[in-house]
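Taken in sequence, the protein lines are chains A and B.
When we follow my numbering, the leftmost residue of the first sequence carries the number 664, and every step to the right adds one.
When we follow my numbering, the leftmost residue of the second sequence carries the number 286, and every step to the right adds one.
Hints were generated in silico from the structure; no laboratory data involved.
Cβ atoms here follow ideal geometry from the backbone N, Cα and C, with glycine treated the same way.
It is possible that some hints are incorrect.
[Unchecked claim] Here are a few chain A residues that sit away from chain B, every Cβ distance over 12 Å (derived from the structure):
#1 Asp-853
#2 Ala-868
#3 Arg-875
[To be verified] Cut-off 20 Å, straight-line C-alpha distance, at most; resulting in silico cross-link-like pairs (SDA-like, lysine to any residue):
#4 Lys-377/B to His-738/A
#5 Lys-377/B to Ala-524/B
#6 Lys-377/B to Gly-365/B
#7 Lys-377/B to Met-323/B
#8 Lys-377/B to Gly-732/A
#9 Lys-377/B to Ala-772/A
#10 Lys-377/B to Phe-292/B
#11 Lys-377/B to Arg-528/B
#12 Lys-377/B to Pro-825/A
#13 Lys-377/B to Leu-517/B
#14 Lys-377/B to Ala-296/B
#15 Lys-377/B to Arg-719/A
#16 Lys-377/B to Pro-288/B
#17 Lys-377/B to Leu-367/B
#18 Lys-377/B to Glu-735/A
#19 Lys-377/B to Gln-529/B
#20 Lys-377/B to Arg-363/B
#21 Lys-377/B to Ser-473/B
#22 Lys-377/B to Ile-393/B
#23 Lys-377/B to Ala-523/B
#24 Lys-377/B to Gly-767/A
#25 Lys-377/B to Phe-516/B
#26 Lys-377/B to Leu-471/B
#27 Lys-377/B to Arg-865/A
#28 Lys-377/B to Thr-364/B
#29 Lys-377/B to Ala-521/B
#30 Lys-377/B to Gly-796/A
[As the list claims (entries may be wrong)] Examples of chain A residues lying across from chain B (beta carbon under 10 Å, computed):
#31 Ser-675
#32 Arg-678
#33 Gly-679
#34 Gln-718
#35 Gly-722
#36 Tyr-750
#37 Leu-785
#38 Arg-789
#39 Gly-809
#40 Arg-810
Spelled out from the first residue to the last, the chains are:
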Amino acid sequence: MMNSAVVMRDLSVTRGGRRVLTVDGLDVAAGSITGLLGPSGCGKTTLMRTIVGVQRFAGSVSVLGLPAGSSELRHRVGYVTQAPSVYGDLTVAENVRYFGAMVGAGADAASAALAAVDLTDLAGRRAEQLSGGQRARVSLAAALVGRPALLVLDEPTVGLDPLLRRRLWEFFAELAAGGTTLLVSSHVMDEAEHCDRLIFLREGAVLAADTREGMLAGTGTTSAEDAFLAMLGEQVAA
Amino acid sequence: MNPRITFATGARVLTQLRRDHRTVVMLLVLPSVILGLMCWIYSDIPGRFDQIGPRMLGLMPFVVMFIVTSVATLRERRTGTLERLLTTPMNKLDLLLGYGFAFGLVAIVQAGIATGLTMTWYGVDAETRGGWAMFLTASTVAVFGAAAGLFASAFARTEFQAVQLMPAFVLPQFLLCGLLVPREQLNSTLNAISDFLPLSYAVDAMAESVERGGLTGQIGRDLAIIGGSAFLALAAGAATLSRQSA
Ligand SMILES: Nc1ncnc2c1ncn2[C@@H]1O[C@H](COP(=O)(O)OP(=O)(O)O)[C@@H](O)[C@H]1O
Ligand SMILES: [Mg+2]
Numbered sequence: 664m665m666n667s668a669v670v671m672r673d674l675s676v677t678r679g680g681r682r683v684l685t686v687d688g689l690d691v692a693a694g695s696i697t698g699l700l701g702p703s704g705c706g707k708t709t710l711m712r713t714i715v716g717v718q719r720f721a722g723s724v725s726v727l728g729l730p731a732g733s734s735e736l737r738h739r740v741g742y743v744t745q746a747p748s749v750y751g752d753l754t755v756a757e758n759v760r761y762f763g764a765m766v767g768a769g770a771d772a773a774s775a776a777l778a779a780v781d782l783t784d785l786a787g788r789r790a791e792q793l794s795g796g797q798r799a800r801v802s803l804a805a806a807l808v809g810r811p812a813l814l815v816l817d818e819p820t821v822g823l824d825p826l827l828r829r830r831l832w833e834f835f836a837e838l839a840a841g842g843t844t845l846l847v848s849s850h851v852m853d854e855a856e857h858c859d860r861l862i863f864l865r866e867g868a869v870l871a872a873d874t875r876e877g878m879l880a881g882t883g884t885t886s887a888e889d890a891f892l893a894m895l896g897e898q899v900a901a
Numbered sequence: 286m287n288p289r290i291t292f293a294t295g296a297r298v299l300t301q302l303r304r305d306h307r308t309v310v311m312l313l314v315l316p317s318v319i320l321g322l323m324c325w326i327y328s329d330i331p332g333r334f335d336q337i338g339p340r341m342l343g344l345m346p347f348v349v350m351f352i353v354t355s356v357a358t359l360r361e362r363r364t365g366t367l368e369r370l371l372t373t374p375m376n377k378l379d380l381l382l383g384y385g386f387a388f389g390l391v392a393i394v395q396a397g398i399a400t401g402l403t404m405t406w407y408g409v410d411a412e413t414r415g416g417w418a419m420f421l422t423a424s425t426v427a428v429f430g431a432a433a434g435l436f437a438s439a440f441a442r443t444e445f446q447a448v449q450l451m452p453a454f455v456l457p458q459f460l461l462c463g464l465l466v467p468r469e470q471l472n473s474t475l476n477a478i479s480d481f482l483p484l485s486y487a488v489d490a491m492a493e494s495v496e497r498g499g500l501t502g503q504i505g506r507d508l509a510i511i512g513g514s515a516f517l518a519l520a521a522g523a524a525t526l527s528r529q530s531a
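In isolation and in its complexed conformation, chain B is listed as follows (with noise of 0.2 Å):
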């Protein structure tokens, strides 16, 4: 590993984004408008969003940041960019590093402004420590986005199959972790399959940060487990990164 490549590659690949104006939209501005137009059809039934608003604020970094990284990870496959890096002195980690410095960053000013408005505009009552554990999860909930969509490069060869991939990923999720129906009230089969879906442990990170309003250790362990999928999604898709191939 070579902090001086990983860094060049995280500003690459920021440049990059920078010259992409609607990406860049997407990424910061998609999350608050999907969660101010949930809190508007909520508007009428009180108490309603100040449940599923924060819940949502914990599965939608997820959604845009794996959408933005398995097609930009796919496009550096397939314009051969990367089997050119890969003949460098970079090392794959630098790649992954690199990406996950420049989307790490991203992440964190999109939780920052979906959090704030969430607890602001949007009018969910969490006291401020409750806020920063949101903040905290929705920024590790959008890392582990951007580790997963960089592992779901591997599985895609066009960015039509990449864009695919999305739903298969999230919508069993989306119906599993708690935001539809409590997981409690899951049957059995459903609860246990509910427990190997990291996704449930942002909404229920999400849930206590507002309920609690601080970050509990309950929090503390939803949040180690994400990031450890982060960090299993990453070491996964370095070994899909061969530098050799047939």
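The shape of chain A in the complex, shown without the other chains (with noise of 0.2 Å):
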């Protein structure tokens, strides 16, 4: 039985009047890397915003054994948006600090975040001088910096240097087998290959969740695109 930090059962959420996600059970196994894989506009993002606590939903969500969006969650789960959600008049260096703020970690963590993003050297920049892809790593240096038990990360390493997205996913890499349990989320299928386990999202539902080695072998493929096609033709079959 695999030890999960989020459990969803008949969730399911409205946007816009309109039902956006719908899934009848999910699990995220802790202490590994779980891919959030599907094309834009598939649910990605509503789905982890259920799970950091700002989505309203119908359904049952636990999230390391509490209902999500309790308050005690706050603390263990560091959240990384989509669009890089730093203040751009603030320094590199004073937006961590200031997320690490929120949840009572010094300026020891937030040199230690910053690190971990490779952005020691950019410090003292003022994040609106930055690349879209800098932007994106102190969004993510901010949510390290709590050192949370669950990352839940939306599309971290898109417009990423390859350098780059590969040394991140070393690092996620790390952290997993430290402990954290991370949800990573992209509309790039080669990303599977970082992850142990993947979930296939497609128009608002859950396609198929698995190891990466069971999605494959069960498929008979050798890449997450071709079993989210074989997945997909065994939806259309039956």
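Since each chain comes alone in its own frame, lean on the hints to assemble the complex.
In structure tokens:
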């Protein structure tokens, strides 16, 4: 029986009068990297917002053993929004220290978070003077600073150069090895190769969820993209 | 509520403000410049500025604080930082009080400069105790402006809309507060309406400060009404900061 950081049952989310997400049952394994994959508009962000407690929903969602949105969770869940949410008129270090202050993390933790995302050199630069990818890393550092048990990262690697992306995935793997649970979304199927487990999402529904090996073996494919297509074919045939 | 978070937020808002020199100038200098201009245009009509200047000093802090806070908080909503903060242990009240603390500090400096100039260079004679009453009134009005701006930002989707809210909130009060026509001389309908507008009490308190040269019971009542309005605006503002959205 896998140890779950997130357990969803009979979840449904309505946005703008439209049902945009329906999940009968879905678990996110603790201490591993789960990739939330699917095309743009399939509901990845909505699912993540539900987990971090800013999305209204119907059904049951438990996070680290507590109902989603509980105030106790706010110390233990880190969320990086899809668009970097940092203060442009503050420096990189000021941003990370401020978000650190929210969770009681000091200046040392802020420096460590900056080092983790390779931003130490830019610590004194204002966020508005950074490139999109650099700003995304500031946003990530602001979530890392509190050392959360669950990290929810919405497309954190989009727009980064390949070397940097590789380094971030290595860093995510280190975090997972240390016991952190990571849920990482992407609309780029190739990102699946860095994940232990995969959730395929399409048109607001879970197409499949399994370990990466399980998913590839089950569909007799060698890439996540092929596995996704195979699953889709199964769904259409059924 | 958590003092560490409130304080960190206030300090953060002040840092952002400090980076924005133009806004600092607008907050600290603009009210005094406008008052100086008024003093100048009335310089040939003896006693006119003594009447109108202090009343104007009761309105101006509201206008500048309203614009700056409504745009600042709207930006917080729009850039996603608000949503992110609400996933942290921060309480809504921490955010509101943090803003209140930062802008309250600015308000006090602004009120000090404007009152000081009005009583010295602009030559309004209100004795020292009257000056303190004016300073207290200007500070309270500024805090009310900040609270109202916070609340109003919930009704705007863009900065453009936020700025449009200002005349809607301010111009009716400007006309009815007793600055142009004393409130006693308004017809009964307009007079009744003006009783419900908080800035009417700011103007009353300013007039009383100059005429009585001190902090009277009536000023105390006026300030309580403005402070109460600020509290209501803050509470209403808190209600618009919902953690969960559809
Ligand atoms: N603020 C919103 N109001 C109404 N509908 C929304 C809103 N945000 C997203 N949606 C809709 O919800 C669906 C899922 O969106 P989202 O979760 O952002 O997808 P993804 O992150 O996978 O691109 C889409 O159909 C989108 O149009
Ligand atoms: Mg998305």
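Each hint tested on the structure:
no. : hint                   : verdict
1   : Asp-853                : holds, 27 Å
2   : Ala-868                : holds, 19 Å
3   : Arg-875                : holds, 28 Å
4   : Lys-377/B to His-738/A : holds, 16 Å
5   : Lys-377/B to Ala-524/B : holds, 9 Å
6   : Lys-377/B to Gly-365/B : holds, 15 Å
7   : Lys-377/B to Met-323/B : violated, 40 Å
8   : Lys-377/B to Gly-732/A : holds, 15 Å
9   : Lys-377/B to Ala-772/A : violated, 25 Å
10  : Lys-377/B to Phe-292/B : holds, 13 Å
11  : Lys-377/B to Arg-528/B : holds, 8 Å
12  : Lys-377/B to Pro-825/A : violated, 39 Å
13  : Lys-377/B to Leu-517/B : holds, 15 Å
14  : Lys-377/B to Ala-296/B : holds, 16 Å
15  : Lys-377/B to Arg-719/A : holds, 18 Å
16  : Lys-377/B to Pro-288/B : holds, 13 Å
17  : Lys-377/B to Leu-367/B : holds, 10 Å
18  : Lys-377/B to Glu-735/A : holds, 16 Å
19  : Lys-377/B to Gln-529/B : holds, 12 Å
20  : Lys-377/B to Arg-363/B : holds, 16 Å
21  : Lys-377/B to Ser-473/B : violated, 41 Å
22  : Lys-377/B to Ile-393/B : violated, 24 Å
23  : Lys-377/B to Ala-523/B : holds, 6 Å
24  : Lys-377/B to Gly-767/A : holds, 17 Å
25  : Lys-377/B to Phe-516/B : holds, 14 Å
26  : Lys-377/B to Leu-471/B : violated, 41 Å
27  : Lys-377/B to Arg-865/A : violated, 35 Å
28  : Lys-377/B to Thr-364/B : holds, 17 Å
29  : Lys-377/B to Ala-521/B : holds, 12 Å
30  : Lys-377/B to Gly-796/A : violated, 30 Å
31  : Ser-675                : violated, 12 Å
32  : Arg-678                : holds, 6 Å
33  : Gly-679                : holds, 8 Å
34  : Gln-718                : holds, 6 Å
35  : Gly-722                : violated, 14 Å
36  : Tyr-750                : holds, 6 Å
37  : Leu-785                : violated, 17 Å
38  : Arg-789                : holds, 8 Å
39  : Gly-809                : holds, 8 Å
40  : Arg-810                : violated, 13 Å
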